[in-house]
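A.B. asks: Line by line, the protein sequences give chains A and B. 1 is the number of the first residue of the first sequence in our numbering; add one for each residue after it. 1001 is the number of the first residue of the second sequence in our numbering; add one for each residue after it.
No lab work stands behind these hints: they were computed from the structure. Be careful, since some hints might not be right.
As the list claims (entries may be wrong) - Keeping only pairs whose Cα atoms sit at most 27 Å apart, straight-line, the calculated DSS-like set for lysine-lysine is:
hint, chain 1, residue 1, chain 2, residue 2
1, B, Lys1006, A, Lys170
2, A, Lys181, B, Lys1024
3, A, Lys181, B, Lys1042
4, B, Lys1058, A, Lys170
5, B, Lys1042, B, Lys1024
6, B, Lys1058, A, Lys181
7, A, Lys170, B, Lys1030
8, A, Lys190, B, Lys1058
9, A, Lys442, A, Lys151
10, A, Lys190, B, Lys1024
11, A, Lys442, A, Lys105
12, A, Lys181, A, Lys194
13, A, Lys233, A, Lys350
14, A, Lys162, B, Lys1058
15, B, Lys1024, A, Lys194
16, A, Lys490, A, Lys476
17, A, Lys175, B, Lys1042
18, B, Lys1030, A, Lys190
19, A, Lys476, A, Lys514
20, B, Lys1042, A, Lys190
21, A, Lys175, B, Lys1030
22, A, Lys538, A, Lys522
23, A, Lys506, A, Lys476
24, A, Lys170, B, Lys1024
25, A, Lys522, A, Lys490
26, A, Lys547, A, Lys447
27, A, Lys474, A, Lys506
28, A, Lys403, A, Lys545
29, A, Lys175, B, Lys1096
30, A, Lys266, A, Lys278
31, B, Lys1096, A, Lys170
32, A, Lys506, A, Lys545
33, A, Lys175, B, Lys1006
34, B, Lys1058, A, Lys175
35, A, Lys456, A, Lys401
36, B, Lys1058, A, Lys194
37, A, Lys548, A, Lys538
38, B, Lys1096, B, Lys1058
39, B, Lys1024, A, Lys175
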Amino acid sequence: MPKRNFRSFLISDFTINNFAGYLNNDNDFPPVSSTIAPFGQVISVLIDKNLECWNSDPDFAVIWTQPESVIESFNHILNYKRVSIDEIIKEVDEYSSILMNIQDKVNIAFVPTWVLPSYHRGFGVLDMKNRIGIANILMRMNLRLSDNLDKASNIYLLNTQKWIEIAGSKAFNPKLWYLGKIAFGNEVFKEAVKDIKSALRGFTGRSIKLIILDLDDTLWGGIVGDLGWQNIKLGGHDPIGEAYVDFQKALKSLTNRGILLGIVSKNEESVALDAINKHPEMVLGLEDIAGWKINWHDKAQNIVDLVSDLNLGLQSVIFIDDNPVERARVRETLPEVFVPEWPEDKMLYKRSLISLRCFDTPSISNEDFKRTKMYVSERQRRSSRSQVGSLDEWLNTLKMKVKIEELNETNLQRTCQLLNKTNQMNLSTRRMTESELVGWVKQAGCKLWTFRVSDKFGDSGLTGIISLEVENKKGKIVDFVLSCRVMGRKIEETMLYQVIQYAQFKQLDEIYAKYIPTPKNKPCLEFWNRSGFIYTEKDSSFIWKVKKDYALPTCIQIDRKE
Amino acid sequence: MTKNSKLIQAIFSAIDEVNLQLPKEQHLEKSIETGLVDTSGKLDSLGLINLIVAIEQKIEEEFEVAITLVDGSHNNSPFRTVGTLADYISLLLEEKSNA
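Starting from the given sequences, assemble the full structure and let the hints guide the process.
C.D. replies: Structural data, given as structure tokens:
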């Protein structure tokens, strides 16, 4: 993934310059510079990678076509002629296989789904009739395209229909088509830019991981400290009460996507927790909340403290509060935190939440589904920590197990996700797509191990990666990545133990690591400074002579799967 | 706001819209002297199409009158500058109100 502007390559069968203009001028991260493929040459551009237009070496491509121009038989359908669905599907398959060519040419490819202008009534009442209606056939074509493209991990089908709905009557303008061969109204292009930018942020590890919520008038109506939990507005036969319940349900749903919930509220903690525990219509329980700061302190400071407790970065946080003064305060004090404007009308809370474009990720792993549970376990772990004397004593009580695996099909998605999302304990902050990572590991001398961590409180999942590049008896640690979830629990040392064991087996002379600083990976440097590796100014590297053993921490039990 | 200033504001609002698509160095200035398609103009043919369509939309929103700026009945002369275009639109609006 680039540290400069992202280079996009736009391939289309209509004039796509307006979209390119919006994409290039959009101020949201990441900045993009676009190149446009020759007009109307979609197929030849996709097939012939030696064409000059590919010279821009793009990071991502957008291949945006109209169904009637790439699927010839669909043209007949538009003319109300009978064409068998099998024939159409065959053409979709052929087009898909041409599209698949692009997966080796760019890191990411976006393919907007096919649509027809909203004003096209097709067969009217028969338009959804199975295998006959134009809308029905178009849906089948898109589903087939989706099935086919599913085989490529870096091609993403985008839902054009959503953009059309948001653009409303401005989605299509025949005048733009006749004067400039521009297939969509500009509102559609603007929505497409927002979605693509949101996806790119997800791919670069900038998606939101934690929602921090206020309580009074945000999760429920009224001030619990004044009213008592029995009298807050939540549920019941009341539109506002129902809206709060729906908002809580939407928040709870997000935890299934791996988004964590936290609370920062000005309240008496015992009073607020009573409301959460005792109100019969509370949807969210403490088992859904990764952490909270409920007190009378400044909210910005509480956010900093909560984020630090959870070992996350401020840039991965969204703060939701009904109070515009608190929002302004957090926005001003913590510019990294995303603080969206929030509606006064409680009935719009759920809509505002589920329309946010900050949660995009390139994939969803099993770890995501279990994330809240993992953080709740972590809370219990921290609580147990306060009851035991030294750190080592405490770690010994955890009964930690670490499962070591090489990169394989089953852990590829999560490994890539961890590689691209981790900021703090990350030696080189190397970002790669799944295909790039697989390609790298296949090279001679390259090795990568993953680390799954569990203990008596639960399973933290695949949380560590170390990779090695061997050349002339020397091994260079390329990636040293550990999720903040398990930082400081001797997994760091276990990863180095694994590498040194391998180096001894391969009879290497030394292992070294070069720390590449970023604004966020200082915790990684702090670990390497106490790792036992010797830092040499000359090579600006941390070095370990392989003839010397590297001890496995006594609190760790290894389960190895080569 | 007078009809004329409402018209100029509608054109400026369309210019804002088109500037969102253009590189910064090609941004149109919101002034009645701004050249559009003559030698001092910064717009290429696609830019002009976008501006025309944007102005038609803004005029319809502001005056609730649908006008057509391109119908093949005239050459490019109304599009020399923002000012000449405003005069032309004013004429079209007057014709519509008298019709």
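A.B. asks: Given the hinted pair Lys522(A) and Lys490(A), is their alpha-carbon gap at most 27 Å?
C.D. replies: holds, 18 Å
A.B. asks: Within a Cα-Cα threshold of 27 Å, do Lys474(A) and Lys506(A) meet the stated pairing?
C.D. replies: holds, 10 Å
A.B. asks: Measure nothing beyond the straight line between the CA atoms of Lys506(A) and Lys476(A); if it is 27 Å or shorter, mark the hint as holding.
C.D. replies: holds, 14 Å
A.B. asks: Taken at face value, is the distance from the CA of Lys401(A) to the CA of Lys456(A) at most 27 Å?
C.D. replies: holds, 9 Å
A.B. asks: Take the C-alpha atoms of Lys1058(B) and Lys181(A), compute the straight-line distance between them, and say whether it is at most 27 Å.
C.D. replies: Given pair Lys1058(B), Lys181(A) holds - Cα atoms ~21 Å apart, limit 27 Å.
A.B. asks: Is it true that the CA of Lys476(A) sits at most 27 Å from the CA of Lys514(A)?
C.D. replies: holds, 8 Å
A.B. asks: Compare the distance between the alpha carbons of Lys548(A) and Lys538(A) with 27 Å, and conclude whether the hinted pair is satisfied.
C.D. replies: holds, 22 Å
A.B. asks: Lys162(A) and Lys1058(B) were given as a pair; does the straight-line alpha-carbon distance stay at or below 27 Å?
C.D. replies: holds, 24 Å
A.B. asks: Given the proposed pairing of Lys1024(B) with Lys175(A), does the C-alpha separation stay at or below 27 Å?
C.D. replies: holds, 26 Å
A.B. asks: Tell me if the straight-line CA distance from Lys181(A) to Lys194(A) falls inside 27 Å.
C.D. replies: Roughly 23 Å between the alpha carbons, so the hint for Lys181(A) and Lys194(A) holds.
A.B. asks: Against the 27 Å threshold, does the CA-CA distance of Lys175(A) and Lys1042(B) hold or violate the hint?
C.D. replies: holds, 22 Å
A.B. asks: Mind checking the alpha carbons of Lys190(A) and Lys1058(B) for me, to see if they're no more than 27 Å apart?
C.D. replies: At roughly 18 Å apart (the allowed maximum being 27 Å), Lys1058(B) and Lys190(A) satisfy the hint.
Every hint, counting from the list given before, is met by this structure.
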